[in-house]
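Q: Chain residues, written in single-letter form:
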Amino acid sequence: MTRKLLNTSVFRLSLIYALLFSTVAAGALGFIYWMAKGQMEQQTDARLQLETDALLNMYSELPVDRFTTIISMRNSENGSRYLFARLIHRSQHDFAHDIPFKPVNNNLGQGVATLPLNEILKGKNKHAEPARLMLTILSGDYQLLVITDLKEQHILMDRLLQTVLVAIGVIFTLALIGGVIMNRHVQRRINAVGHTANDIISGDLSRRMPVTGRDDEFDSLSHVLNTMLTRIEQLMQSMRDVTDNLAHDLRNPLNRLRNRLEASQYHPSATTDYPALIQDTIQEVDELIKTFNALLSIAQVESSAQRQDWAEVDLSALTEELAELYTVVAEEDNLSLTHYAEANLHLHGNRQLLAQAITNLLDNAVKYTPAGGEIRLEARRQNGVITITVSDNGLGIPAEQREQVFKRFKRLDNARSTPGNGLGLSLVKAVAELHGATVQLQDNHPGLRASLVIATSR
Amino acid sequence: MNILIVEDDRQTASFIQKGLMESGYVVDHAADGEDGLHLALQGSYDALIVDRMLPKRDGLSLIQILRAQGMQTPVLILSALGDVDHRVDGLRAGGDDYLVKPYAFSELLARLQALLRRTQPAQEYTTLKVRDLEMDLLKRRVIRNGTVIPLQPREFNLLEYLMRHAGQVVTRTMLLEKVWDYHFDPQTNVIDVHISRLRGKIDKDFDTPLLHTIRGAGYLLHDPQAA
Chain X
1 MTRKLLNTSV FRLSLIYALL FSTVAAGALG FIYWMAKGQM EQQTDARLQL
51 ETDALLNMYS ELPVDRFTTI ISMRNSENGS RYLFARLIHR SQHDFAHDIP
101 FKPVNNNLGQ GVATLPLNEI LKGKNKHAEP ARLMLTILSG DYQLLVITDL
151 KEQHILMDRL LQTVLVAIGV IFTLALIGGV IMNRHVQRRI NAVGHTANDI
201 ISGDLSRRMP VTGRDDEFDS LSHVLNTMLT RIEQLMQSMR DVTDNLAHDL
251 RNPLNRLRNR LEASQYHPSA TTDYPALIQD TIQEVDELIK TFNALLSIAQ
301 VESSAQRQDW AEVDLSALTE ELAELYTVVA EEDNLSLTHY AEANLHLHGN
351 RQLLAQAITN LLDNAVKYTP AGGEIRLEAR RQNGVITITV SDNGLGIPAE
401 QREQVFKRFK RLDNARSTPG NGLGLSLVKA VAELHGATVQ LQDNHPGLRA
451 SLVIATSR
Chain E
1 MNILIVEDDR QTASFIQKGL MESGYVVDHA ADGEDGLHLA LQGSYDALIV
51 DRMLPKRDGL SLIQILRAQG MQTPVLILSA LGDVDHRVDG LRAGGDDYLV
101 KPYAFSELLA RLQALLRRTQ PAQEYTTLKV RDLEMDLLKR RVIRNGTVIP
151 LQPREFNLLE YLMRHAGQVV TRTMLLEKVW DYHFDPQTNV IDVHISRLRG
201 KIDKDFDTPL LHTIRGAGYL LHDPQAA
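Listed in order, the protein sequences are those of chains X and E. Using the numbering used here, count along the first sequence one by one with no gaps and you end on 458. Using the numbering used here, count along the second sequence one by one with no gaps and you end on 227.
Among these hints, one or two may not hold up.
Said to hold, decoys possible - Simulated pairs of lysine to any residue, SDA-like, Cα-Cα distance not exceeding 20 angstroms:
| # | chain 1 | residue 1 | chain 2 | residue 2 |
| --- | --- | --- | --- | --- |
| 1 | X | Lys290 | E | Gly216 |
| 2 | E | Lys101 | X | Val285 |
| 3 | E | Lys201 | X | Ile171 |
| 4 | E | Lys101 | X | Asp333 |
| 5 | X | Lys407 | E | Leu81 |
| 6 | X | Lys290 | E | Leu81 |
| 7 | X | Lys290 | E | Ser106 |
| 8 | E | Lys101 | X | Gln300 |
Since the hints were made in silico from the structure, they are not lab data.
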């Protein structure tokens, strides 16, 4: 569990953050501690200086024994613990020689030092607590010592130090706890995504990443993943459709083919017209290949992301060409085909696929318009939207069936007698979607008006 | 003429081999990419038929090596990969034509013949002639038996292609590819309609028909009495 926690990047980040934060806090608090300490020491020395100055005034006016008495009196007045003085002759104890005094910055031959109290006053006072003393060398080899006890001050400083350490500890702990909580939170969101991903891996493609609605970075990640999943599902679905279609719609003709060949095997050769049988069989196989190819190219277009063969397509020229290609076909069926193409219609796309899509629309128009009818091919641009329309005054498609005709192999009842495989509009739709376009089927009163509507940037 | 087939599927190979031999070609066969490369570099072939996916060395790299060695022998690529991108890859690698499986043998033969025609000394014709049908490429004018036949630009291109391949069968797919530059099969057979329109202009009012339909294969423009 600990290793697991340490292994998460969020926890590691918050640990680093806690350490960094604690270090900065320690620096700040340490600085405060150091300043307070300096300030206190300065005050102590000032107090010692004040007392020394007062005693020196008296020393210059009084004889030594009288002065000693006054010192004793003052010592008992001051309570002797916090501030007291001694006048000691150098022959008795040469403090100036024994103790490393730090000279005070004046010309009176004074110095200060910090040492344990019992070292200064041997025997008399047993406190080992540190004390601060100021030494002044007087005339006649006398030394005036003014001493103050540092015990209180040290207790105070210790407390301050403790407080600082505790504060640093608390800050670090809080930062760490914050890290763990943050880690839990992030971990939960990541686990949710992970669980969903596992569900999807085990086959449930309909699962989607949880979106909390907080609109945070996790939500936007989930959105992107969900869009990707939807796309993948669509592709899977289209692959599945293809296999289903292959199964349903190629099995029947294959079965017919097999039956026919089998039957001819058992019939005496005298009663079988072999050349005709072979011719029919080849024709049937060709039809199968055509259907197979059409299915494959729809699937390829639907799953296509490769745009390496895309180029600038001159739609005006393409429309002209296709109109010319089909005018003859229309005339053969006693139909009239007219066309109009606005000049300079350009589009970035796949010329072959666009041509095939328009061809399929024209094919349909020719097939489902009775003799004497009119077909019109138009290409126009309006507000940056290019519309290629094939309209006819033929049978049309009932409004409620206009969505269904895009499905593979969907053929309307009145179309079953005409040749075709029911894949034409599926391809048109796939090509349109590849180019970011839509296919619209409208009533032409009478007839059908099929449009490819392509939004262009220009 | 000598043809080399590089194809790993024995049945397909022997089917093509037999068919081409019946059409009067001398045919060698290699069953993998390495053998194919070896034979192609040693022998003098007039055309190669190369499958795209082969053991030992794939078809495209075989063609690339031949081209790198400076061999200009025309290559027809056979492939089960029929995507537009695949076709582009194949032609870019140095192939001259691309045929997707499954195909009709007549299609293969027609395309092979078109490739072989291409390698013959490139003569820059200014006029094409089949019997009494004459095409002036500079003036873009067609005359038969002294009568000027008015043709639409596309009809002219169609007839030009047929005349350049006079005596050879050309398939509908070839015409759609070469004359219109469309690489797909329209559901309605638009080519048939255009051919019958053209036939109406160049054959209808004359005694000897020149433009013939070959059942199950395509079309043939030739002078029946010349052979």
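Q: Would you mind marking each hint as holding or not holding in the structure?
A: Each hint, compared with the structure:
1. X:Lys290 x E:Gly216: holds, 15 angstroms
2. E:Lys101 x X:Val285: At roughly 13 angstroms apart (the allowed maximum being 20 angstroms), X:Val285 and E:Lys101 satisfy the hint.
3. E:Lys201 x X:Ile171: Not satisfied, since the Cα-Cα distance of roughly 99 angstroms exceeds 20 angstroms.
4. E:Lys101 x X:Asp333: Roughly 33 angstroms separates the two Cα atoms, so the pair is violated.
5. X:Lys407 x E:Leu81: violated, 25 angstroms
6. X:Lys290 x E:Leu81: holds, 15 angstroms
7. X:Lys290 x E:Ser106: holds, 17 angstroms
8. E:Lys101 x X:Gln300: holds, 17 angstroms
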